[in-house]
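Now for the letters of each chain:
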Amino acid sequence: MKKAYWNEAQETSSRNTLKRLQLQRLRQVIDRALKTPFYKARLRRAGISGSRDIKTLDDLKKVPFTTKDDLRECYPDGLLAVDLKDVVRIHTSSGTTGTPTVIYHTREDIANWTELVARCIVATGASSKDVFQNMMSYGMFTGGLGLHYGAERVGMTVIPMGSGNTRRQIQLMHDFKTTVVHITPSYLLHIYSKLEECGFSVSDLCLQKAYLGAEPYSENTRKKIEELLNVDAYNSYGLSEMNGPGVAFECVYKRGMHVWEDAYIMEVIDPHTLQEVPAQEEGEIVFTTLTRRATPLLRYRTRDLGFIYKDECKCGRTHRRLSRITGRTDDMLIINGVNVYPSQIEEVIMRIPQVGTNYQICLEKDGALDKLVVKVEIYSKMFKGELGELDALRARIKEDLRASIIINPSVELHEPGSLPVFEGKAKRVVDSRQKL
Amino acid sequence: MKLVQISVFLENKQGRLFEVCSLLGKEKINIRALSVAESEEFGILRMVVDNPTKAVAALKKRGFVASLTDIVAVEVDDKPGGLASILGVFSKNNINVEYMYGFVEKFSDKAILVFRFDDANKAIKVLARNKISIIGEKDIKSL
Chain A
1 MKKAYWNEAQ ETSSRNTLKR LQLQRLRQVI DRALKTPFYK ARLRRAGISG SRDIKTLDDL
61 KKVPFTTKDD LRECYPDGLL AVDLKDVVRI HTSSGTTGTP TVIYHTREDI ANWTELVARC
121 IVATGASSKD VFQNMMSYGM FTGGLGLHYG AERVGMTVIP MGSGNTRRQI QLMHDFKTTV
181 VHITPSYLLH IYSKLEECGF SVSDLCLQKA YLGAEPYSEN TRKKIEELLN VDAYNSYGLS
241 EMNGPGVAFE CVYKRGMHVW EDAYIMEVID PHTLQEVPAQ EEGEIVFTTL TRRATPLLRY
301 RTRDLGFIYK DECKCGRTHR RLSRITGRTD DMLIINGVNV YPSQIEEVIM RIPQVGTNYQ
361 ICLEKDGALD KLVVKVEIYS KMFKGELGEL DALRARIKED LRASIIINPS VELHEPGSLP
421 VFEGKAKRVV DSRQKL
Chain B
437 MKLVQISVFL ENKQGRLFEV CSLLGKEKIN IRALSVAESE EFGILRMVVD NPTKAVAALK
497 KRGFVASLTD IVAVEVDDKP GGLASILGVF SKNNINVEYM YGFVEKFSDK AILVFRFDDA
557 NKAIKVLARN KISIIGEKDI KSL
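Sequence lines, in order, name chains A and B.
This note's numbering puts the first sequence at residues 1 to 436.
This note's numbering puts the second sequence at residues 437 to 579.
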């Protein structure tokens, strides 16, 4: 496979050099964090009053964790480490689940972020020759602007469509021979299901690569997308607290996402004991920003679950790889006492060829018991017209789910396009059980 | 000779059947026979129409899940015992009927029966041997 790098020296630097750089930057970021009211109080209590208290990378363990709630409490400027005149951009979270969180960026922060995104793009084999249609929302959501800047930096031809307006998306993909898209997996599947209606087929497009992010999805969904659209799909990971996209991205080998460790220190911890877990073992992902000026964050608990790959990647990058996000510490469902992650359900149903591109997980109360209803759209090309085949499909989904999550769900089959469609992040779980 | 029937997957949801029929009406497609098979929350609408290829294309374009299925249509006298006489022939010859539906012709004394067999070819041979007339595509168009 062709090996291309955006910043070869940094991406392939030896682990020792990388660790030395991490320590140097960690010491700088501690001093910057101490300029914020929040970290001043928090680090002092932990006995850290400056970079002199950080002598090795292990000393990071003395630093207390930062949580989403901390960020909310600091709203709007408790975590601002620079003068507002040096801030060039503000991103806030939507605040749908509580007080919003805010991340400030200086000019240098934006430049560093852009550099990381450029590395991600080149790692997938894309270049300035590609036409890039960005179907993530622009504005406050970091997915749109983050990739936009990186793609322009690489020199790609950028179509800043944002999300939504499916008909026009398809038309432009066709007219400008789009080769790379950045999109949520659920929206890409929706676009696929609308192709025919818009008078196009997959072979009318020039699509080669899809960058998928902003929502968790299973390996089977990736396979489905790659087969249906005849593309290579790359997994992207980012969160607004860590800039947004560009934190970790898959290279051409598509086995785990390289985390840019000169910009972030990654830890994986047991969410209950808070102790670090070894490579290959799943836990909560924790990041420390190493280069950020305006909003330095130390040991930020992402609530995302994943693991670090132990082995080296054939692409030559020395930056370690993070697994696909297997769930979130806060999206676990407890159904009649059994822990279930929505990703487990997706994994099962997306493996079945007669299942279409959209599904929904509904939880209801049936007397005292929880009832799990899985609604799936059927894949129209697999429909042969027999009632028996539909009953068999329903039975298979039920049986596969029961075997995987040990819960007996009821399964509903729906027409394609009848379940709610999301143009941004998909909301697949509808929990209408009364909260205690 | 086999005929094709259109099968449409429909959720049990108000107005869905109306949408299919009004769409076919707009496309000037005439429905010759129709039946609905239903399960708890979905059903399959089965139709014999004068232009099945055009009908399926129109349905798919509007996002319906539709497919074509081979069926055999037979003409019988519209009188007591007409259906029984045909079913007797199938029974004697071990032909299994998966499902069937019927309709009556306007301007004759014949009824038309639509059959889905698990082995259509065998059924056609048996019908021919018993001199039971099978309806072809042309006949459907001119009905």
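Honestly, the hints are just simulated from the structure, not real lab data.
Incorrect hints may have been included.
When the alpha-carbon atoms are kept at most 30 Å apart in a straight line, the in silico DSSO-like pairs for lysine-lysine are as follows [unchecked claim]:
(1) A/K194 x B/K449
(2) B/K497 x A/K177
(3) A/K375 x B/K449
Chain B is faced by these chain A residues, among others (derived, beta-carbon under 7 Å) [to be verified]:
(4) M140
(5) F141
(6) S380
(7) K384
(8) L413
(9) H414
(10) G417
C-beta atoms are modelled at their ideal positions from N, C-alpha and C, and glycine is treated no differently.
Now for the hints, and whether the structure bears them out:
Of the supplied pair hints, the one linking A/K194 and B/K449 holds, its CA atoms being roughly 22 Å apart against a limit of 30 Å. The suggested pairing of B/K497 with A/K177 holds, with an alpha-carbon distance near 24 Å, which does not exceed 30 Å. Simply put, A/K375 and B/K449 have alpha-carbon atoms about 15 Å apart, close enough for the 30 Å limit, and the pair holds. At its closest, the beta carbon of A/M140 sits 33 Å from a beta carbon of chain B; the interface hint therefore is violated under the 7 Å criterion.
At its closest, the beta carbon of A/F141 sits 29 Å from a beta carbon of chain B; the interface hint therefore is violated under the 7 Å criterion. Checking A/S380 against chain B by beta carbon gives a least distance of about 4 Å; that is within 7 Å, so the hint holds. Because the smallest distance between the Cβ of A/K384 and any Cβ of chain B comes to about 6 Å, under 7 Å, the interface hint for this residue holds. Taking 7 Å as the C-beta contact cut-off toward chain B, the hint placing A/L413 at the interface holds, the least distance being around 6 Å.
Contact between A/H414 and chain B, as hinted, is supported at the beta carbon level, the nearest pair being about 6 Å apart and thus within 7 Å. The closest approach between the C-beta of A/G417 and any C-beta of chain B is roughly 5 Å, which is under the 7 Å cut-off, so the hint is satisfied.
In terms of the numbered hints stated before, the structure departs from hints 4, 5, listed from lowest to highest.
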